[in-house]
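Asks: Since the structure of chain L is already known, use the hints to place chain P on it.
Note that the protein sequences, when read in sequence, are chains L and P. For the first sequence, the numbering used here gives the first residue as 187, with consecutive numbering after it. For the second sequence, the numbering used here gives the first residue as 187, with consecutive numbering after it.
Source of the hints: derived by calculation from the structure; they are not laboratory data. For each residue, glycine too, the CB sits at the ideal point set by N, CA and C. Please note that a few of the clues may not be correct.
[Stated by the list, open to error] Below, a list of computed lysine-lysine pairs in the DSS-like style, where the Cα atoms sit at most 27 angstroms apart: (1) Lys507(P) - Lys454(L); (2) Lys415(L) - Lys233(L); (3) Lys507(P) - Lys575(L); (4) Lys415(L) - Lys402(L); (5) Lys284(P) - Lys190(L); (6) Lys190(L) - Lys190(P); (7) Lys507(L) - Lys274(L); (8) Lys274(P) - Lys524(P); (9) Lys507(P) - Lys190(L); (10) Lys274(L) - Lys524(L); (11) Lys575(L) - Lys415(P); (12) Lys524(P) - Lys507(P); (13) Lys190(P) - Lys507(L); (14) Lys575(P) - Lys507(L); (15) Lys190(P) - Lys227(L); (16) Lys507(L) - Lys454(P); (17) Lys507(L) - Lys524(L); (18) Lys575(L) - Lys504(P); (19) Lys227(L) - Lys454(L); (20) Lys504(L) - Lys575(P); (21) Lys284(P) - Lys274(P); (22) Lys454(L) - Lys233(L); (23) Lys274(L) - Lys504(L); (24) Lys524(L) - Lys504(L); (25) Lys227(P) - Lys412(P); (26) Lys274(P) - Lys507(P); (27) Lys190(L) - Lys575(P); (28) Lys190(L) - Lys227(P); (29) Lys190(P) - Lys454(L).
[Unchecked claim] To give an idea of the chain L side of the interface with chain P (calculated C-beta under 10 angstroms), a few residues: (30) Phe510; (31) Phe548; (32) Glu559.
There are 2 protein chains.
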Amino acid sequence: MFRKTRLYTPGPTPLLPAAQFAMASADIHHRTAEFRALYSKVLAQLKQFVGTENDVIVLSSSGTGAMEAAVSNLTSPGDRVLVLTAGKFGERWTSLAKAFGCQVDLVSAPYGQTFDTAQIRAALQPDTRAVFVQATETSTAVRHCIQSIAETLRAAAPDALLVVDAITGLGTTHFDVDAWGIDVLIGGSQKAVMIPPGLAYLSVSQRAWAAMETSKNPRYYFDLRKERKVAPKGESAYTPAVALIAGLGAALDYIAGQAGGDLVAGRKLLIENAESCAAMTRAGLTALGFTLFAPEAPAAAATAVAVPDGMDSGAVVKALKSRFGAVIANGQGEMQGKLFRIAHLGFFDYMDTIALLGALEFIARDTLGLPVEFGSAVAAAQRVFAARKPDESASAACLCGRANCARS
Amino acid sequence: MFRKTRLYTPGPTPLLPAAQFAMASADIHHRTAEFRALYSKVLAQLKQFVGTENDVIVLSSSGTGAMEAAVSNLTSPGDRVLVLTAGKFGERWTSLAKAFGCQVDLVSAPYGQTFDTAQIRAALQPDTRAVFVQATETSTAVRHCIQSIAETLRAAAPDALLVVDAITGLGTTHFDVDAWGIDVLIGGSQKAVMIPPGLAYLSVSQRAWAAMETSKNPRYYFDLRKERKVAPKGESAYTPAVALIAGLGAALDYIAGQAGGDLVAGRKLLIENAESCAAMTRAGLTALGFTLFAPEAPAAAATAVAVPDGMDSGAVVKALKSRFGAVIANGQGEMQGKLFRIAHLGFFDYMDTIALLGALEFIARDTLGLPVEFGSAVAAAQRVFAARKPDESASAACLCGRANCARS
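Chain L on its own, in the form it takes in the complex (with noise of 0.2 angstroms):
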């Protein structure tokens, strides 16, 4: 049979067909008056997308480029910061605050777990700088709760920044940058927004531009500040990527088309969807017998799932994509091979995540030998979507979805 190729990666994602349209008539020169048009209006888009006031700067790279211009943009040689760890992306903080100099303080949580925030309290210093944290970690699929960060940071160490990789966190969970005081919060193209690698933004505030001013690390394409002074005239300090930037503001339009207009609204129902898939994924993978890796905090970007002791997550991946044409992610690090990761960010529906179940019930009968009978992850997955309420996140104390959350 025909095996269509399907990403259920956790970036890129599944295009939006209405964005690779506008990518493919993206004939545009980039110092004329369409570009600084379209430009301005998908800066403005993205702040209510961000859900800020703060300037929202876009650079053409990839997410580690935004990471990168946050900490040389803050931060000065031998300066303190802290970094909460729990998987890759946390590591790559660790990573990228070392490369430009910093003292770096850490919190780690295991993999698969997130942190303690009497931990957080405590590895708080006077002089702490900047704290670095992701919203979800991919590599674990882990939720962690920015909220209670943000009030924990406020409380202990309110001169320190926030910064946030939102990466697959944006329309995936819920922020509110402004109140919680996230000084930098970033995500990515090839995420939630339905569009190719290429792109990074960043909501940048007030506390942050004046940080600055006085932050000695070298830094030259990623100046923020570059950005920020050509931004008001729909101008890029460098070449952008056009492409991308067109296909940005047709998947921001679609978003807030799915809410009669309203970008708001539209990304609410987007972490809804996201909710959605993965409650219906995480159901239907716990009736085949597989263990959820992130069972505490699972972020709703993806779903991050443990193979039997002794099996390879490889072979499940490598199997699901030469019999169904389906792509996941295996385990990243020192989880290769440990488990697979499915997403659910973006552009997924109802028939994608019963599609993908129907197809893993085939691997993990005849990949792994697991007994299964069939239909009986599809069917957990259907008595999800049959009980779900749309409104269903919006009422929660929290929501970070952890269950012992410190602020529930």
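Replies: Just chain P now, kept in the frame of chain L:
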């Protein structure tokens, strides 16, 4: 949740990405060496795809244009023709033959059924000029046994021309055009070849070319002799649909690529793919309690499903679209409201089939109020998939799929 638009209609069918890319880059003038090379290649590929040594002529029109070409090129006013009709497209042959002044004899089968060979034999007259039939009647999803019809014709009326509408039959059922003596076999672009509507093609036998010399019906745009004259130079008589021809070439490349570059073997895989999707779908819907509309001779191109008495199949079509984004077809003509149709021809795979069944379980439950056990249709389809033998179809005595076929 998001609802992606997904076509499960028996034309247009889902587009092949490789064909879309070829169409998007088809910035070619049609009176150039570049186009002549493309067109010559596609004409040669079509002969392989149709499976004939006869000429294959391409028209920029819908399939109905090619049906008209068959009638207008092969008949004269007052000619006696036999139409075999069992649905809306059989009735179209009657309308066309009458529009061109033919005297029409009919062999009819009730909707959902196929023909009695003895009736065909009895209806043939010494002066029957041509016999018109569908390979698969798309409106009822029935497959007619062209092989047995051709044999009946050769024995009882060897001079009559055999014209087969294989618009949904090509790529979903086996033909041996030359051995069976099919004089004209018609295909269309928006079917198993996975590109948009706008092209039709006909294989034309030497007998049919000879017959055109004496037929007196008027034709100009659809004069097949004009196309035959210029085709060896890689040209078409009138402006061709260049992008569709580029898309068709890419689609035929893709089909060949499924079998290591062998288009004949690739066509066999394409047919088996449709058969697998159809068998899964039939099992799934039967498990849900639906009645198949054409159980005797089901086409692999599509499955027609009756809704219980007093229920409206239009409600199923509408609810599936509004709730899950998937598009299936209602019944046509007098079958409207009584059945719905799901396509399998072209670019469908296991995951498409599972996803649709997983959605139809909800529609059966919530729209039709049927008792549905979640996962039951999916599981029935999975059992078919698990038991599938790849070369099943090739080993059958007759390939028409009809239980009581005269040839079995």
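Asks: It remains to establish, for every hint, whether it holds in the given structure.
Replies: To see whether the hints hold, each was checked on the structure:
{"no.": "1", "hint": "Lys507(P) - Lys454(L)", "in the structure": "holds, 23 angstroms"}
{"no.": "2", "hint": "Lys415(L) - Lys233(L)", "in the structure": "holds, 17 angstroms"}
{"no.": "3", "hint": "Lys507(P) - Lys575(L)", "in the structure": "holds, 21 angstroms"}
{"no.": "4", "hint": "Lys415(L) - Lys402(L)", "in the structure": "holds, 19 angstroms"}
{"no.": "5", "hint": "Lys284(P) - Lys190(L)", "in the structure": "violated, 44 angstroms"}
{"no.": "6", "hint": "Lys190(L) - Lys190(P)", "in the structure": "holds, 16 angstroms"}
{"no.": "7", "hint": "Lys507(L) - Lys274(L)", "in the structure": "holds, 24 angstroms"}
{"no.": "8", "hint": "Lys274(P) - Lys524(P)", "in the structure": "holds, 15 angstroms"}
{"no.": "9", "hint": "Lys507(P) - Lys190(L)", "in the structure": "holds, 22 angstroms"}
{"no.": "10", "hint": "Lys274(L) - Lys524(L)", "in the structure": "holds, 15 angstroms"}
{"no.": "11", "hint": "Lys575(L) - Lys415(P)", "in the structure": "violated, 66 angstroms"}
{"no.": "12", "hint": "Lys524(P) - Lys507(P)", "in the structure": "holds, 18 angstroms"}
{"no.": "13", "hint": "Lys190(P) - Lys507(L)", "in the structure": "holds, 22 angstroms"}
{"no.": "14", "hint": "Lys575(P) - Lys507(L)", "in the structure": "holds, 21 angstroms"}
{"no.": "15", "hint": "Lys190(P) - Lys227(L)", "in the structure": "holds, 26 angstroms"}
{"no.": "16", "hint": "Lys507(L) - Lys454(P)", "in the structure": "holds, 23 angstroms"}
{"no.": "17", "hint": "Lys507(L) - Lys524(L)", "in the structure": "holds, 18 angstroms"}
{"no.": "18", "hint": "Lys575(L) - Lys504(P)", "in the structure": "holds, 23 angstroms"}
{"no.": "19", "hint": "Lys227(L) - Lys454(L)", "in the structure": "holds, 20 angstroms"}
{"no.": "20", "hint": "Lys504(L) - Lys575(P)", "in the structure": "holds, 23 angstroms"}
{"no.": "21", "hint": "Lys284(P) - Lys274(P)", "in the structure": "holds, 15 angstroms"}
{"no.": "22", "hint": "Lys454(L) - Lys233(L)", "in the structure": "holds, 15 angstroms"}
{"no.": "23", "hint": "Lys274(L) - Lys504(L)", "in the structure": "holds, 22 angstroms"}
{"no.": "24", "hint": "Lys524(L) - Lys504(L)", "in the structure": "holds, 14 angstroms"}
{"no.": "25", "hint": "Lys227(P) - Lys412(P)", "in the structure": "holds, 19 angstroms"}
{"no.": "26", "hint": "Lys274(P) - Lys507(P)", "in the structure": "holds, 24 angstroms"}
{"no.": "27", "hint": "Lys190(L) - Lys575(P)", "in the structure": "holds, 20 angstroms"}
{"no.": "28", "hint": "Lys190(L) - Lys227(P)", "in the structure": "holds, 26 angstroms"}
{"no.": "29", "hint": "Lys190(P) - Lys454(L)", "in the structure": "holds, 18 angstroms"}
{"no.": "30", "hint": "Phe510", "in the structure": "holds, 6 angstroms"}
{"no.": "31", "hint": "Phe548", "in the structure": "holds, 7 angstroms"}
{"no.": "32", "hint": "Glu559", "in the structure": "holds, 8 angstroms"}
Taken one by one, the earlier hints fail for this structure at numbers 5 and 11, listed in ascending order.
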